[in-house]
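**Q** Below are the chains, spelled out letter by letter.
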Amino acid sequence: MIDNIGFILGTTLMYATPLIFAALGGVISENSGVVNIGLEGMMTLGALMGATVGYFTGNPWLGLMCAGLAGGFLAVLHAIASVTFEADQVVSGIAINFLGPGIALFLSRIFFEGATMTKSIDLDSKMPRPLDGIFAQNSFFDLVLNQYATVYIAFILVFIIWYMLYKTKLGLRIRAVGEHPKAADTLGINIYKIRYLSVILSGIFAGFGGASMSLAVVSNFRPTLISGQGFIALAAMIFGKWKPQGAMWACLLFGAAQGLVVFLGGTAVEISSQILAMLPYIITLVILVGFVGKSAGPAASGVPYEKGER
Amino acid sequence: MKSKKNSLKEMLLSGNLMITVVSILLGIIVGAIVLKIAGYSPIEAYTVMLKGIFGKPKYMAYTIIYATPLIMTGLSVAFAFKTGLFNIGAEGQFIIGALVATVVGYFVKLPIGLHAIVVFVAAITAAGLWGGIAGYLKAKFGVHEVIATIMLNWIALYLSNYVIMLEGFKRPNSEASYKIWDTATIGILEKWRYTDPGRMWFKAHPVLQSIFKTPVNLGIICAILLAVVVWFILNKTTLGYELRAVGSNKHAAEYGGINVNKSMIISMTIAGALAGAAGALQVMGVSKQVAILAAMEGYGFDGIAVSLIGSNGAFGCVFAGILFGALKYGGPKIQSAMGAPSEVVSIVMGTIVFFIAMPKFIKMILTVGKRKEVK
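For the record, the sequence lines run as chains A and B. In terms of this note's numbering, the first sequence is residues 1 to 310. In terms of this note's numbering, the second sequence is residues 1001 to 1375.
Simulated from the structure, these hints should not be mistaken for laboratory data. A quick note: this is a predicted structure, and the numbers were derived from the prediction, not measured. Ideal placement from N, C-alpha and C gives every residue a C-beta, glycine not left out. Do not rely on the hints blindly, as some may be mistaken.
DEER-style ranges, computed between Cβ atoms [to be verified]: (1) 264/A with 1058/B: 25 to 31 Å; (2) 264/A with 1338/B: 42 to 48 Å; (3) 167/A with 1166/B: 25 to 31 Å; (4) 120/A with 1239/B: 54 to 60 Å; (5) 1168/B with 167/A: 55 to 61 Å; (6) 1249/B with 283/A: 32 to 38 Å.
Bound conformation, chain A alone:
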């Protein structure tokens, strides 16, 4: 029994990780006032880059870095459109969601002789598990805590982003820009710079999220690998009220649902995995209905800022 719980908790952590990365990206971008619906596309390109670089170099860390760069590259496009050219941020995000998977599959076909699925990274070149061998194999703690490095990084990042947003001057500026850009401008904050920085960071995190899928959860990239996780991350961010810690809890909830699906798939319990898979989305809707009013995003989120606007 306790082992089963351990297995579910461990699986939860593993599946929540890619979501946490991407959701943190969403948090930071939206706090600066830019809606990033393109997380999905950024994750997909990140996943491809991570798996490709990981495969060719045998170095998962390099893969992770390149995934971040790839996500960041798409984010630059999103930033140019939505910050400099005052584009509709949702539409620009939709464009990113076409471009990300498009570029990812395009590159995959070029790097892997026309295949949209990258070759598997061998076990030694996958994300390492820093706590491997510390606990007895398949004991409760082993099942829960013996995770890929990306899992720990994600949780550390939650803390870092929380600290950055609420305890540093930069964080204050980001939130000021997202809440009241005119006032921030008056105080001499460079809104464009802050928004560029936040959007690019969000892309980098989304890229990490994609890579934590393709370098840890599985060991290659395939077209359906990300399928919707960027959107789930977006929901988690809103669910978590635009706060890093809130988003983290929401991601854990989504991860737990996934963990249950995996667990029940391996047992004789007769609950349709399809019904279970539906649960997180239904819960999100129910909670959104219940929490309305209390949960409001940054005031200027989604609003392009034009210098000199009154």
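With chain A's structure known, arrange chain B on it following the hints.
**A** Then chain B, alone, in the frame of chain A:
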């Protein structure tokens, strides 16, 4: 969110065709550059695509078949847009439409003609209700429709998979449902073309023979009719006036005595019905069944692009749908013909949408161009 939507609306309602045309050109150019960098000849690739679209009557028929659902999901997104709502849920509404069409097409037995109508009405009603949920949640609880529809997309996907796997509906040894009865299909001359007189007749008419090698169906006619209906509702009826009023200024509309909440629910319901029509006609005309899905098929997302490229106009959606359908059908041919990745189509589409998102940039390019002309 408000002023953002207004700026987009201004650009779309002003009917700035130039922006769309320039965006499409830029998309094609970026596609060419990407192909060139990857070491393929863009001219050859685009030639292959054009030949793959216009080369044979059969190809053109396929292009239309590919375009049909996209026109309707595009109409769905465009319709909601006019009320100031962003319907990202066309995907889920499509799935519900397809599912209900198959259920009614298989379990219900009715005479030919009547059956198809019943299937269609049932499917668009269900999908309309599905879309209406998002409108209701927005109106009553203030849940943002983008989030609600994203959630509903996934719920629809898993719900559909669940229903398909139920005993009595799932075709044994397959990942799909049973096929709908012939009485519920909308294929044209489907059976007759394989009878002896049918074969003789088609032999004498090679162009038609080529066209009828494809699953030609009444879907495109329905799609165009729906475009007319959408245009009529939006521009010629009181309802349409109210919906558009809510879209252009919610507060003014409310002050003018329009029930904003009711309008949002109605708008999302009609949008859902339109996307559901796409799913239903796809089943009735092409697939005849629904299959278990591992991921979204993308009809709804493609619909967003179609709506944007079509400037959210009903007839714009028809043209944009055909453009997208052509790219989706002709694009993959560069894969077999020259080994070039067909995903360049997604890149072209993404680029077009990207530039459509920033009219300010396009206007800048255009004014720079004009200044040069003056000199």
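**Q** Compare the structure with each hint and give your call.
**A** Quick rundown of the hints versus the structure:
The given range of 25 to 31 Å is broken by residue 264/A and residue 1058/B, whose C-beta atoms sit roughly 47 Å from each other. Here the CB-CB span from residue 264/A to residue 1338/B is close to 47 Å, well matched to the stated 42 to 48 Å. Evaluation of the 25 to 31 Å hint for residue 167/A and residue 1166/B yields a failure: the beta carbon distance comes to about 53 Å. The hint said 54 to 60 Å for the Cβ distance between residue 120/A and residue 1239/B, and at roughly 56 Å that hint holds.
Remark: the range hint 55 to 61 Å for residue 1168/B to residue 167/A is upheld by a beta-carbon distance near 60 Å. Distance hint check for residue 1249/B and residue 283/A: the Cβ-Cβ separation is about 35 Å, which falls inside the suggested range of 32 to 38 Å.
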